[in-house]
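Protein chains: 2
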Amino acid sequence: MPYSSREFHLASRPSGEPVPENFRLVEVEVPDPRPGEIVVRNTFMSVDPYMRGRMNDVKSYVPPFQIDAPLDGGAVGEVVASEAPELPVGTHVVHQAGWREYARLDARHARAIDPSLQTAYLGVLGMPGLTAYVGLLDIGALRAGDVVFVSGAAGAVGSLVGQIAKLRGHTVIGSAGGPEKCAHIVDDLGFDAAIDYREGDLVGQLRTAAPKGVDVYFDNVGGDHLEAAMFVMRTFGRVALCGAISGYNATSLPPGPRNMFMAVSKRLTLRGFIVTDHADRREAFEEEVGGWVRNGDIVVRETVVEGIAQAPHAFIALLRGANTGKMLVEL
Amino acid sequence: MPYSSREFHLASRPSGEPVPENFRLVEVEVPDPRPGEIVVRNTFMSVDPYMRGRMNDVKSYVPPFQIDAPLDGGAVGEVVASEAPELPVGTHVVHQAGWREYARLDARHARAIDPSLQTAYLGVLGMPGLTAYVGLLDIGALRAGDVVFVSGAAGAVGSLVGQIAKLRGHTVIGSAGGPEKCAHIVDDLGFDAAIDYREGDLVGQLRTAAPKGVDVYFDNVGGDHLEAAMFVMRTFGRVALCGAISGYNATSLPPGPRNMFMAVSKRLTLRGFIVTDHADRREAFEEEVGGWVRNGDIVVRETVVEGIAQAPHAFIALLRGANTGKMLVEL
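So the protein lines, in turn, are chains L and F. Per our numbering: the first sequence ends with 345, consecutive numbering throughout. Per our numbering: the second sequence ends with 345, consecutive numbering throughout.
Only chain L is shown next, with the shape it has when bound in the complex (with noise of 0.2 Å):
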């Protein structure tokens, strides 16, 4: 039997700060699956910084969203039909369907999970889990010894990124946007120190909070950020590039690191990176990640916010730095 949902289709491009306008829910039939198919009741899903690019008709890592096409992105939930022996009715899974409530898929994109941990294949043990992975260890090339900056620490990356800089006994810098953020990064994840950037003056700021000089920038916000650190990056560090969400709402080209010189004085590399090119570091991630969540090492917080229909709103509000932790929507 079909299964009546609901889910977002993109009703127009966005200029500049999305509006709720942009996006429209839409009721559909989601029918039976056929062979090799399951059909999923969403949970949860989630709202991620680079989806705002997506919403732009730019040929990037990933193809544009289409106008008056559904909206995707990662979602866990329980499979209610299944053609696909290997997932079975009752079998919770993420896959990428998200934006929607039911959802039709080829089982081949949807991956069995533990119910007990659901959202955390969103976060901590998902995409951003990997992305703060790969980004610090990798691309990073963390070495012992290296002071560690992160920007957006509060947020769904910038929090794992620390936490598994601290856990590997590294010296932790995270920024972030007001007190109660910097207050959580230091007394929930144990960062050893916070920078408000809505304070201004990023160099001074950590010039203080680094002495010595920052050796690892993982970097979520590019524009002043990015410029700061290089302020205070010392000899052969490394800034991994993950994303820029300062720009991702500018209706022109924001202004970039003036100081792009002081990569050739201080040698740094400044290399970026995309999740999706490293899942060959799933398992090892899985592993030392998985143990520390087990072992409750790793504080996950997480915003919730409740029913489809608040969803634009989510995302909205993630652009402009709302959430603390990974921004999900409850289904």
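Because the hints were derived from the structure by calculation, they are not lab data. Bear in mind that the values here come from a model prediction, so they are computed numbers and not experimental data. A couple of the hints might just be wrong.
Just so you know, same-sequence chains aren't split out, so a pair can sit in one copy or run between any two.
Unchecked claim - List of simulated lysine-lysine pairs, BS3-like, C-alpha gap at most 25 Å:
| hint | residue 1 | residue 2 |
| --- | --- | --- |
| 1 | 226 | 73 |
| 2 | 180 | 73 |
| 3 | 180 | 226 |
Using the hints provided, position chain F relative to the given structure of chain L.
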């Protein structure tokens, strides 16, 4: 017997573009060598863009020049007095005590050279040559099939980057200022295409010259060139950050590349380097590039200014891009 010599001291630190008043020509007596030392009569001295940075009172990878003390830099000359048996009178040497007619120095800081190639040791076989070699092959991680773009392509380093890449079978695009230099790099040096940055629209010109995109960008210029390169680079491209001459005379921080987010989506690596970190590559460099020089496969162009009194003029002109090939002062 002491040698009557003239040498340039730093009279004052430039603000913006250097002016002749920043330099002072001083008459000195160079004493006889002490044990282990030599006195060299310099025949050619080098002026290089990196010297501009040393005129600022800023800690960097080389210490700043001191006010009222002699400038220094690469030079070649003939030993006229020696208390070092390994470098007897008549030996031609390359060393770092430039900006002066006679230099007394520790013999360990000089290296014997082939007198028939003497200026080459300040260019193609010297620091600029090793810079081009290491930057292109190691920092730029040149791979078969890569399309190479180099800025400052008519300069000492850029002209070698392009020629080395051509000799290794790559498609090479260079940028330079003005039609003469552009014709030179294509007609004399064998580049596949030239971009005249004075014509503007670097991005458009680069897209036309490299319709499939650029894999390795060797950056001597920074600023708008780096931004344009990132617009046109292919996925997994590499940027060797060698210099940023466009900003060397800036009195405030120059605008940075506004498209750093492309380093994420395209997974670019930008890496700054200093040639002095790569002395271990000198042997391979001398074998490969030395062979090309001996075979006449590499075209070496020099811009030679006559007389030590003209050295500040040569340096100021270099920063304005007045040279084609290596800028030298004949003493």
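Results for each hint:
Within a single copy, residue 226 and residue 73 get their C-alpha atoms only as close as 41 Å, which misses the 25 Å cut-off; across copies the closest is 15 Å, which meets it. Proximity of residue 180 and residue 73 under a CA criterion of 25 Å is satisfied in neither setting, with 37 Å inside one chain copy and 31 Å between copies. Taking the closest pair of Cα atoms, residue 180 and residue 226 come within 25 Å of each other only inside a single copy of the chain (18 Å); across copies the shortest separation is 43 Å, beyond that limit.
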